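From first to last, the protein sequence lines stand for chains Y and P.
For the first sequence, our numbering begins at 5 and goes up steadily by one.
For the second sequence, our numbering begins at 17 and goes up steadily by one.
None of these hints come from the bench; they were simulated from the model.
Note that the structure is a prediction, hence the values are computed from the model and not measured.
For each residue, glycine too, the CB sits at the ideal point set by N, CA and C.
Certain hints may be false.
Unchecked claim - For the chain P half of the interface with chain Y, some residues (derived, Cβ under 8 Å), not all of them:
1) Gly89
2) Val295
3) Leu302
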Amino acid sequence: MKGAQRRAPWILLSPFLLLFVLTFLLPVVYAVGQSFTAVDRRGLFGEDGITSSFAGFDNYARALADPTFVASIGRVLLFGVVQVPVMLVLVTVLALLLESASARWPGFFRAAYFLPYGIPGVIASILWSFLYLPGFSPIVAGLGKLGITVDFLSAGTVLWSIANIVTWSYAGYNMLIVIAQLKSIPGEVYEAAKVDGAGPFRLAWSVQLPLIRPALVLAAVFSIIGTLQLFAEPQVLRSVSSAIDANYTPNFAAFTSAFTYNDLGVAAAQAVLIAVAAFVLSFIFLRLVSRRDS
Amino acid sequence: MSTAPSDLDRPESTAPGVRRGSTDKRGATRPPSAARILVTAILLLAAVYFLVPVYWVVVAATKSTGDLFTTNGFWFSHVQLFHNIHEVFAYDGGIFVRWFGNSVLYAGGGALVATYLAAAGGYALAIYDFKGKNTVFGLVLGGVLVPGTATALPLFLMFSRLGLTDTYLSVLLPSFVSPFGFFLCRIYAGSVVPTSLVESARLDGAGELRIFHTFGLRMMAPALVTVFLFQFVGIWNNYFLPLIMLADQNLYPITLGLVNWRAQVDRLPEFYELTTGGVLVSIVPLAILMIVLQRFWRGGLTEGSVKG
Chain Y
5 MKGAQRRAPW ILLSPFLLLF VLTFLLPVVY AVGQSFTAVD RRGLFGEDGI
55 TSSFAGFDNY ARALADPTFV ASIGRVLLFG VVQVPVMLVL VTVLALLLES
105 ASARWPGFFR AAYFLPYGIP GVIASILWSF LYLPGFSPIV AGLGKLGITV
155 DFLSAGTVLW SIANIVTWSY AGYNMLIVIA QLKSIPGEVY EAAKVDGAGP
205 FRLAWSVQLP LIRPALVLAA VFSIIGTLQL FAEPQVLRSV SSAIDANYTP
255 NFAAFTSAFT YNDLGVAAAQ AVLIAVAAFV LSFIFLRLVS RRDS
Chain P
17 MSTAPSDLDR PESTAPGVRR GSTDKRGATR PPSAARILVT AILLLAAVYF
67 LVPVYWVVVA ATKSTGDLFT TNGFWFSHVQ LFHNIHEVFA YDGGIFVRWF
117 GNSVLYAGGG ALVATYLAAA GGYALAIYDF KGKNTVFGLV LGGVLVPGTA
167 TALPLFLMFS RLGLTDTYLS VLLPSFVSPF GFFLCRIYAG SVVPTSLVES
217 ARLDGAGELR IFHTFGLRMM APALVTVFLF QFVGIWNNYF LPLIMLADQN
267 LYPITLGLVN WRAQVDRLPE FYELTTGGVL VSIVPLAILM IVLQRFWRGG
317 LTEGSVKG
């Protein structure tokens with residue numbers, strides 16, 4: 005019996021662990037290895053043999069020497085600095101309003117806001133790509149009738165058109181997480197605040213906001229990681245906007261390096277850089293928020 | 017967690033189904049109607065924002081390609097919804113139905129297996145003491161933070177060496193793993209499966225695996241629903257992985273298929289009709305799933321802090 009008890013956890017764990025190693029651990033190790041490898045093809049298609057050799061930081065140097073890749077990093081940073089706070093403010097306001105006593109039909113509104121989360125990012129991008137398209141979109145036409153001419157797809161605006169798609173997709177989901185946290189605030193806390201004479205704004209600012217902070221921090225971290233991975237939205241909008249090239253976001257650039265230029269070393273280096281950036285930025289963000297706590 | 021006043025009060029106030037404020041707010045101080053109108057107006061405005069694209073595609077799916085360009089996009093004219101839907105299903109020998117089936121297979125099969133494996137692993141970590149336990153937990157926790165697209169590219173290279181690319185397995189295998197689900201199951205199993213129950217089942221002569229399958233799985237059911245839903249929607253919405261892995265159109269999930277149709281509208285305008293119709297058909301099942309199962313999402317990430 006004792007032996008069975010010693011074996012049991014490993015029997016239960018092994019299928020998960022095996023697949024985890026295959027689809028998470030090995031790819032990470034493989035990508036890091038590939039990023040330090042130079043592949044030499046002799047002959048036009050490598051038909052005279054392919055040799056691999058250690059390349060040091062060559063691939064990283066090449067990736068970072070490419071101005072379009074560096075520009076793509078700057079672009080998603082700008083995107084994140086604007087889109088993440090805007091979305092979180094929207095999320096917080098909607099959650100607080102929905103949970104306030106003044107809200108009517110909260111169930112309907114919650115469902116309406118959450119619905120876009122069930123629509124895949126690419127499908128959402130297809131939808132909005134139609135709504136951005138001049139000569140086709142009723143929104144562009146409607147604004148035109150009001151005397152407002154907008155081009156959602158120009159070099160200056162398309163990044164924010166993408167930000168709109170991302171916000172539209174994820175705001176409702178983040179709002180549900182915040183609402184869950186709001187609901188876990190004990191009724192006594194509200195009672196006490198009321199006894200102290202706190203109005204609705206005071207209540208939101210000094211009672212509810214501090215208590216939903218963990219949910220907002222979590223949402224921010226996932227949004228930062230998500231921003232660095234942007235791919236589907238620019239890829240779909242590329243067919244309607246000439247302002248988007250094949251290196252528009254870091255992830256798009258890695259995809260292009262791998263599948264258009266067949267430069268696997270640089271593609272791997274770019275993928276590693278994106279993952280490291282996601283790690284570092286999340287870490288810095290968490291440090292910044294926790295410092296303010298103490 | 018930090019500022020909760022007294023633990024004694026928590027169970028009642030957080031009990032599911034009991035709406036906070038039902039006793040203290042509704043009756044006592046009714047807010048002035050001006051505030052109520054303002055709040056409702058803001059909420060309505062937000063609802064318009066979130067629903068307009070969906071409403072637009074419902075209208076667009078009823079129109080011919082010609083009408084899509086010439087009539088008001090936000091209102092119906094010459095409704096031919098059934099004609100369009102029929103076209104979507106009939107085009108290219110019913111390829112759309114095949115894509116839809118593939119999506120159901122990837123998301124349903126992937127999420128089912130992922131949930132079971134995460135449950136078994138999380139349960140093992142919560143119930144047993146063994147060497148290497150903390151290492152395993154730390155490793156998987158790291159996996160939660162690795163961006164999915166960072167692993168997709170090297171995974172493609174590995175799979176292409178194994179001859180696995182462009183097969184159902186190339187999309188299914190990575191879908192079988194949910195580090196987040198593992199994490200959630202470990203915490204949930206730790207709080208709902210009592211060790212005394214496991215002990216007494218052992219005394220009754222039940223084997224370890226049997227105990228997991230009869231008691232463990234059943235007690236973890238609420239968390240398993242959440243894990244399944246997250247994984248299902250995650251796979252259903254995934255685009256990068258199948259895009260990289262698949263070349264054969266017959267293996268495409270619906271996302272890839274519709275992007276393919278969307279890309280052809282400039283050359284062949286009838287694809288406007290097909291794409292809008294296809295988008296509508298693809299949205300409906302998930303929308304129903306989201307709304308019907310809304311309460312299971314509520315737990316979501318905070319499920320871990322549930323009381324024992």
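Hint by hint, here is what the structure shows:
1. Gly89: holds, 3 Å
2. Val295: holds, 6 Å
3. Leu302: With Cβ-Cβ at 4 Å, under 8 Å, it holds.
Checked against the numbered hints given earlier, the structure satisfies every one of them.
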